[in-house]
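Chains as they are written, first to last, in this note's numbering: chain A, 11 to 203; chain B, 886 to 1136.
Source of the hints: derived by calculation from the structure; they are not laboratory data. Note that beta-carbon positions come from the ideal geometry of N, C-alpha and C, so glycine has one too. It cannot be assumed that every hint is accurate.
[Claimed, not checked] Sample of chain A residues with no beta-carbon within 10 angstroms of chain B, all distances over it, derived:
| id | residue |
| --- | --- |
| 1 | GLY26 |
| 2 | GLU27 |
| 3 | GLY30 |
| 4 | ASP64 |
| 5 | GLN67 |
| 6 | SER151 |
| 7 | THR153 |
| 8 | GLU154 |
| 9 | LEU155 |
| 10 | ALA175 |
| 11 | LEU177 |
| 12 | GLY178 |
| 13 | VAL179 |
[Said to hold, decoys possible] Think about it this way: if two alpha-carbon atoms lie no more than 25 angstroms apart in a straight line, the pair counts; the simulated SDA-like pairs of lysine to any residue are:
| id | chain 1 | residue 1 | chain 2 | residue 2 |
| --- | --- | --- | --- | --- |
| 14 | A | LYS34 | B | GLN963 |
| 15 | B | LYS1092 | A | SER89 |
| 16 | B | LYS1083 | B | GLU1070 |
| 17 | B | LYS1092 | A | THR82 |
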Amino acid sequence: MTAELPGERPHAAAGGELAGLLAKVARGDETAFAGVYDHFAAVVYGLVRRVVRDPAQSEEVTQEVLLDVWRTASRFDPSEGSARSWLMTLAHRRAVDRVRSAQASAQREARAAVAAPDYDVVVEEVEARLDAQRVRRCLDSLTELQRESVTLAYYGGYTYREVAALLGVAVGTIKTRMRDGLIRLRDCLGTDS
Amino acid sequence: MRLRRTDPHTLAGAYALDALGEADRENFERHLLGCEACHAEAASLREAVGWLAEPTAAVPPPRLRGQVLAEASRTRQQPPPVRVTKRARRSWHGIGWRAPRLAVAIAGVGILLALALGTLLISTQHQLRVQEAHSGEIAAIMNAPDADIMTVRARPHGSATVVMSHTAHALVLTTARLPALPSTECYQVWLMGTHRVKSAGRLPPPKQGMTAPMIVAGLAAGDRMGVTVEPAAGAVSPSSPPVLMLALPAD
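Whenever a hint applies, use it, and build me the whole structure from the sequences.
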């Protein structure tokens, strides 16, 4: 099965490639799985480390995510979204689950009290990749509150209620900023399908 | 279309960012099931969110590759979702009101298929987590040694199938071909005991006439399970005659 993703305009090559790999992975193709690893391990690991922070735990979570991909590749449904989105959703949820788990809760409260993850730090870690640059540029096009809401939630793994507390802004406002911020980001990235 | 701030729709951003707590997320996912536009929006926002990871990319320790590939090669993969044919679906309507326990094992395959059908037809990525969390509980109830299977007809048409475990004080409920409801109404499940009537939650919206397996927990001896039509937000007590009612076996 070659999964063509009509909605994927700017990144059709990479996205279509991943969908093709996933179809093979679903049939137990270990070489294809190695291909998924080679394409996505860095972006998964980087994201997980950003959210989880602890390197050892980040490795564990990265391994869990990639094994999830292996185990559940047959559940990927191209009509529901791109392969990339599917994979990154798995990764982010795993990372967020880890930081929100009961064991992490005490540490987490302390963390919330200290500084929020810094957008600039995120930016500094940027590889000189075109995609990364594009994402950065699009993040820059958001209003400050939109950007802070989105980055605290995504890179910090905070819930929107926690983001509201961190920023001292009403919960309803944060909700709305996250949504309109993402709409702007989506339009800027041209990923709408 | 402009939406009021109270509209759950506004949670689409927080949802796409995995920034909802457990309860908020479950509510929103329930909302998504009945709202095509919200589903589409959430999916499109998720596409954008997926790219946010790009700037954080960092090469993992090289040993991880070998570990992951080795672990994969000894890990069993999940089978793909399978659509069940009409014939297989019919087989579990014919199980009868209360099958003897021996029949549970025989009917098990049919029920599993039916449950899988209910689950998988609504299988979407945004629900992965809900399903993963529930599938363990569902399996536990269905595999309980004392599981009872019951099928009951609904009025004016449709049916419900229940797999109940006495020891777990819980049951798994699926329905088929209940009359479709307008978006302002829902089916609500009740446990009716001698001293109390307790809401067990709303049935998920049907996909192709079937509802996904729903767990009803906290059963007490002598309970009956009823399903009524209520306003979409749910009601605190039943306000209409039940479309189906099932006396749960007490032993």
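Comparing the hints with the structure gives:
{"no.": "1", "hint": "GLY26", "in the structure": "holds (14 angstroms)"}
{"no.": "2", "hint": "GLU27", "in the structure": "holds (15 angstroms)"}
{"no.": "3", "hint": "GLY30", "in the structure": "holds (16 angstroms)"}
{"no.": "4", "hint": "ASP64", "in the structure": "holds (14 angstroms)"}
{"no.": "5", "hint": "GLN67", "in the structure": "holds (13 angstroms)"}
{"no.": "6", "hint": "SER151", "in the structure": "holds (12 angstroms)"}
{"no.": "7", "hint": "THR153", "in the structure": "holds (14 angstroms)"}
{"no.": "8", "hint": "GLU154", "in the structure": "holds (16 angstroms)"}
{"no.": "9", "hint": "LEU155", "in the structure": "holds (13 angstroms)"}
{"no.": "10", "hint": "ALA175", "in the structure": "holds (12 angstroms)"}
{"no.": "11", "hint": "LEU177", "in the structure": "holds (13 angstroms)"}
{"no.": "12", "hint": "GLY178", "in the structure": "holds (17 angstroms)"}
{"no.": "13", "hint": "VAL179", "in the structure": "holds (13 angstroms)"}
{"no.": "14", "hint": "A:LYS34 <-> B:GLN963", "in the structure": "holds (14 angstroms)"}
{"no.": "15", "hint": "B:LYS1092 <-> A:SER89", "in the structure": "holds (16 angstroms)"}
{"no.": "16", "hint": "B:LYS1083 <-> B:GLU1070", "in the structure": "holds (19 angstroms)"}
{"no.": "17", "hint": "B:LYS1092 <-> A:THR82", "in the structure": "holds (22 angstroms)"}
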